[in-house]
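Chains as they are written, first to last, in my numbering: chain A, 1 to 259; chain B, 260 to 607; chain C, 608 to 1162.
Keep in mind the hints are simulated off the structure, nothing from the lab. If you're wondering where the values come from, they're calculated on a predicted model, not measured in any experiment. Keep in mind that a hint or two might mislead.
As the list claims (entries may be wrong) - Capping the alpha-carbon separation at 30 Å, the derived lysine-lysine pairs in BS3-like fashion look like this:
{"id": "1", "chain 1": "B", "residue 1": "K518", "chain 2": "B", "residue 2": "K466"}
{"id": "2", "chain 1": "B", "residue 1": "K466", "chain 2": "A", "residue 2": "K139"}
{"id": "3", "chain 1": "C", "residue 1": "K640", "chain 2": "A", "residue 2": "K257"}
{"id": "4", "chain 1": "C", "residue 1": "K635", "chain 2": "C", "residue 2": "K743"}
{"id": "5", "chain 1": "C", "residue 1": "K841", "chain 2": "C", "residue 2": "K743"}
{"id": "6", "chain 1": "C", "residue 1": "K743", "chain 2": "C", "residue 2": "K640"}
{"id": "7", "chain 1": "A", "residue 1": "K104", "chain 2": "A", "residue 2": "K218"}
{"id": "8", "chain 1": "C", "residue 1": "K640", "chain 2": "C", "residue 2": "K841"}
{"id": "9", "chain 1": "A", "residue 1": "K139", "chain 2": "A", "residue 2": "K218"}
{"id": "10", "chain 1": "C", "residue 1": "K841", "chain 2": "A", "residue 2": "K257"}
{"id": "11", "chain 1": "C", "residue 1": "K635", "chain 2": "C", "residue 2": "K841"}
{"id": "12", "chain 1": "A", "residue 1": "K139", "chain 2": "C", "residue 2": "K743"}
{"id": "13", "chain 1": "C", "residue 1": "K635", "chain 2": "A", "residue 2": "K218"}
{"id": "14", "chain 1": "C", "residue 1": "K743", "chain 2": "C", "residue 2": "K1038"}
Said to hold, decoys possible - Ranges between beta-carbon positions, derived for each pair:
{"id": "15", "chain 1": "C", "residue 1": "V838", "chain 2": "B", "residue 2": "R306", "range": "34 to 40 Å"}
{"id": "16", "chain 1": "A", "residue 1": "W240", "chain 2": "C", "residue 2": "L1032", "range": "22 to 28 Å"}
{"id": "17", "chain 1": "C", "residue 1": "E1124", "chain 2": "B", "residue 2": "R409", "range": "52 to 58 Å"}
{"id": "18", "chain 1": "A", "residue 1": "S74", "chain 2": "C", "residue 2": "A677", "range": "51 to 57 Å"}
{"id": "19", "chain 1": "B", "residue 1": "R441", "chain 2": "C", "residue 2": "L662", "range": "16 to 22 Å"}
{"id": "20", "chain 1": "B", "residue 1": "I433", "chain 2": "C", "residue 2": "E1124", "range": "49 to 55 Å"}
{"id": "21", "chain 1": "C", "residue 1": "T669", "chain 2": "B", "residue 2": "R441", "range": "33 to 39 Å"}
{"id": "22", "chain 1": "B", "residue 1": "A340", "chain 2": "A", "residue 2": "T179", "range": "21 to 27 Å"}
{"id": "23", "chain 1": "C", "residue 1": "R1126", "chain 2": "B", "residue 2": "R294", "range": "34 to 40 Å"}
{"id": "24", "chain 1": "A", "residue 1": "W240", "chain 2": "C", "residue 2": "R1105", "range": "52 to 58 Å"}
{"id": "25", "chain 1": "C", "residue 1": "Y964", "chain 2": "B", "residue 2": "R385", "range": "19 to 25 Å"}
Virtual Cβ for every residue (Gly too), placed ideally from N, Cα, C.
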Amino acid sequence: MKAIADRRHHRMAPVVLLVMALLITGAVYAALTPTSAGATVATQTDIDTGGALFQANCATCHGTGARGGDVGPSLIGVGAAAVDFQVSTGRMPMQASGPQAAAKPPVLDAEQTRQLAAYVASLAPGPSIPTADQVDPAKGDPATGMALFRTNCAMCHGATGKGGALTEGKSAPSLGDATPTQIYEAMATGPASMPVFNDANLTPEEKRDVIALLDGQKAGSPGGADLGGVGPVSEGLWAWVVGMGLLIGCAVWIGAKSS
Amino acid sequence: MSTNDSEVVRHADGNGAVGEQLPDRFDNPGLPPHRPRLTDTDPAAARRATRQVVALFTISILGTIGFVVAYALVPDGNTIASIRLSNLLLGLGLFLAMFGIGAAAIHWAKTLMSDREVAEDRHPQRSSPQDREAAVAVLREGAADSGIARRGVLKGAVVSALVLAPLTIAVPLIGEVGGHWRVSTLRHTLWERGKRLTRDPSGTPIKAEDVTVGSVFHVIPDGLREGENADHWIEEKAKAVVLMVRLDHADLREAEDRKDWSYEGIVAYSKICTHVGCPVALYEQQTHHLLCPCHQSTFDIADGARVIFGPANRPLPQLPIAVDDEGYLVAQSDFTEPIGPSYWERLK
Amino acid sequence: MSRPSKGSGPAATADYLDQRTGIGLAVKAFARKVFPDHWSFLLGEIALYSFLVLLITGVFLTLFFVPSMAQVTYDGPFAPMQGVQMSEAFRSTMALSFEVTGGLLMRQIHHWAAVVFIAAIVTHMMRVFFTGAFRKPREVNWLVGFVLMILGIAAGFSGYSLPDDVLSGNGLRITDGVVKSIPIIGSYLSYFIFGGEFPGDAIIPRLFTVHILLVPGLILALIGLHIFFVVLHKHTHYGLPGRTERNVVGYPLFPVYVAKAGGFFFIVFGVFALMGATMTINPVWNYGPYDPSPVSAGAQPDWYMLFLEGALRLMPGQGTEWVIGGFTIPMNVLVPAVVLPGLLFTALAAYPFLEAYVTGDRREHHIADRPRNAPVRTAIGVAILTAFGVLVLAGSNDIIATHFGLSINAITDVCRLLLVVTPFLAFWVTKRVCLGLQRKDRELVLHGHETGRIVRFASGEYIEVHRPLDEYERWVRVANEPRRPVELLPVEDERGVRRRGYRRDAFRARLSRFFFEDRVEPVTPAELVATQSHGGHDAALELPAATAAADAHRR
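In isolation and in its complexed conformation, chain A is listed as follows (with noise of 0.2 Å):
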């Protein structure tokens, strides 16, 4: 203990304090959050209560029994993964038509989406929610991770991820928000325009390493704000703005006779 005392004025005392605060905050953060829906066994009182949330949340589209209506498509065998994918996310149920599917705050808890993903589950096969363990972003190797990403993803979502265009209005999303089980999810079913990349296009181990990348990116950028992380659209206006901005502001101070 008394090595520790004598350390307790040391420089890099408050870093370390910091450091241990952070990893104590984090590890009962992790103690105490509920484990993913997917380690749990869906009961059959789960897949009924399930049932009875399609019927009134999901049926008008999807139809009964999942079967697909005039509007929605057909729900047998898109898995757990694509249920809580969409339900988490607020996509569904869907309030008002437009090119796609818009995220919003969740409408059904979590206890309701898992009770949801065990009933359409239940209909058919498909991609199940990935357990804690298949998202972890510690697990994931972020190099992997990056040159999948460039090959896969860029091209919709932008190099960090921050969204991008698609045709007619439809877009892809920012994936800051979304969390590493969505990210997850939205690979294994391919939600609304995006493509489906199945477990023979990415293997689990490297959709856990693009998770792993995406996390990373959350650190931010070392140059300072990140403006948007758009490229050089937005470099080009801030250019303009605080570039000359600035700079024609000083120059009408030069210019200006003191009084």
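Following the hints, put chains B and C in place on chain A, whose structure we already have.
Below, chains B and C without anything else, positioned relative to chain A:
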């Protein structure tokens, strides 16, 4: 140098009584009277301005010291946060160091240096007639002395030599600068009969059953970076990249002569845009549209990669594919037309 | 400086120098040279100082950058690149950003200075254009400045491509596609640039030579010529009181302009340092090393190339690729990427000569126009800028689409329409606004300022008192000379013979009428007197006092 007041002749400024001969235009009233600044009249204000200038220079000195201190004490380290902090501190130090000097100098000029405007005369740009005549005479004399007018052969010789001499630079330059100059290589890619389609970038082969409806594969030819391609794989990759999807038979429309170019609904198209060559990679699995992020040319993958929007004119070239004995997807042949943007001899 | 002295210190140094260079004469001639003071005359200085900052930071960068396309494996501190194959150019860009302390700052300052450099050049050109400062004797210097702009863009584009990242690599690929579209020589030109097939292993070293030797050398030489012409012609000044075509009014080079202009260099450097410290530019670590397969959304060039990008995006593709005799002519690329910039830049370079032809004006001009006093020129300028702006918007259509929830297809269609319509609309509106402002000037000169003071006359009539302009205020509004179209000589000469060149003259007269029709001429003294004697009580009321005050002022 004098102020301009004396130079501009002043007349009645137009308010004179009617009947007086009025000029066509107003006269230049000359420089307005000089109004002294606070620092010209009030010694205390001048002292204050001096202190401000000194303070600004001091800010610059502190900025430089801060920069050096930040360089010594805040290394850029190995994390995003440490690099950002180092960049920020160095940048702010440099900002203060530079901006302080600039602001001090300008404040100094504006408050303490004379603000009396002075005038300088302009003169017409052309030289005087005498100078012109003298110049012409000099040139005439020189030309006559050289005899270039009388001895025409001299003129021809000097011009010929000067025109030809640059060839000594141009010939080897043009000979070497374009590499082998064989533009016919633009027509060929690494694809050939039996060449496996593999994942980009890992290079692993793809089974037909891996390609499910709705998924998209970015494809490179097998052995792209091996053997004789090792040192020019990037040029080959630039021509050979392919995008492969499987479509529902109900959605797929195929031309009669291309019915056997697909395998159970799996189609493969060149990923290089026929407009100016960007990788066309934004595949919308619901509409089967393929969008180029550079100029928004849109191709319908379900209908022979027909152009449905944007500046591209031609469909993407299709790669005929099949499956080998082991169930892996292979090419039937090279592309049947040059991939990528159009050029003059493309169809020759 | 005038008397050589022995002894020590500055005087001795000066004596030493003067005995060997005769520098005393130069100092005498230049130290008190006059420069007019106006913020808009500093725009060119922003460009000049940006260039100096580019040279300083650029030298720093060259010491760490390796212009090679040889493949290496990354082993630096940036985790997402571990073990990735990349060119030495990309590897060294990563190293100078993350492993050289202060390197990222220098790189960001360099890139910010580059984009502002061209922004400043364009703004400076706009100032010169709209004030007519390109007129005789400055046409040649306009051309020098025009070439500097082209070289600035070349410097920017070549530097942007050096890190060999995916974003700039796709830019090079587009360049390759554009080059290949040129009839007959296209594919050979592509080989000429890339040393073989795209991308090859020569383009980065070649661009490096272009970027650090060829282009900056030319820019430096032409900046010298540009400034030499400014000194030779003396700077223009605005038509303020005391300024004439025969003088230049301002502050002396030493000490005032040494302090102001010298100080401005440090201000410019400081602003770039602030930008480099706080705002990321060109984060190549996100894009990754060049590979012909990937591409990222938001694939755009730096702002000064956006108009070309926009033109490429707007051009419809259907029916625009011609095949003639088996040879392919892709008009969908040629028109937006070769013909359009060719026309735009030719028109820009030729404008001073075109205007001189149309106005028939062969005199020297040293007083800068107020833009309103040349309505057609101003309107042409605004029309071109509007078209440029539409193309920039079109070049940003995907960013606009995601940020405003619009469809890129709709934006593209709308921009196609806007490109055709808005330049004409902008021309018409600008011209009307200019003429309106000129009329307002006339109004003000004739009737004076509204004072808001209402006076009731004995007759019961109410009027608002107007305060006439003093002569200095007035001069700004009447200093411009009245202009007339070129006169067309009759079709037949005095002997009744049909004149040669009549049709040419008639064409020119038509252009000249177009340039000058609807003009508003400045108030003449006679008009002012007439208004004041007939125009009622308002001006008369305060006139004597104002005149007396102005007279008093003058003494």
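Structure-based check of all given hints:
no.: 1; hint: B/K518 / B/K466; verdict: holds (20 Å)
no.: 2; hint: B/K466 / A/K139; verdict: holds (28 Å)
no.: 3; hint: C/K640 / A/K257; verdict: holds (20 Å)
no.: 4; hint: C/K635 / C/K743; verdict: holds (28 Å)
no.: 5; hint: C/K841 / C/K743; verdict: holds (13 Å)
no.: 6; hint: C/K743 / C/K640; verdict: holds (21 Å)
no.: 7; hint: A/K104 / A/K218; verdict: holds (21 Å)
no.: 8; hint: C/K640 / C/K841; verdict: holds (9 Å)
no.: 9; hint: A/K139 / A/K218; verdict: holds (16 Å)
no.: 10; hint: C/K841 / A/K257; verdict: holds (22 Å)
no.: 11; hint: C/K635 / C/K841; verdict: holds (16 Å)
no.: 12; hint: A/K139 / C/K743; verdict: violated (71 Å)
no.: 13; hint: C/K635 / A/K218; verdict: violated (62 Å)
no.: 14; hint: C/K743 / C/K1038; verdict: holds (24 Å)
no.: 15; hint: C/V838 / B/R306: 34 to 40 Å; verdict: holds (37 Å)
no.: 16; hint: A/W240 / C/L1032: 22 to 28 Å; verdict: holds (23 Å)
no.: 17; hint: C/E1124 / B/R409: 52 to 58 Å; verdict: holds (56 Å)
no.: 18; hint: A/S74 / C/A677: 51 to 57 Å; verdict: holds (54 Å)
no.: 19; hint: B/R441 / C/L662: 16 to 22 Å; verdict: violated (40 Å)
no.: 20; hint: B/I433 / C/E1124: 49 to 55 Å; verdict: holds (53 Å)
no.: 21; hint: C/T669 / B/R441: 33 to 39 Å; verdict: holds (35 Å)
no.: 22; hint: B/A340 / A/T179: 21 to 27 Å; verdict: holds (23 Å)
no.: 23; hint: C/R1126 / B/R294: 34 to 40 Å; verdict: holds (36 Å)
no.: 24; hint: A/W240 / C/R1105: 52 to 58 Å; verdict: holds (56 Å)
no.: 25; hint: C/Y964 / B/R385: 19 to 25 Å; verdict: holds (20 Å)
Going down the numbered hints, you'll see the structure goes against 12, 13 and 19, while the others check out.
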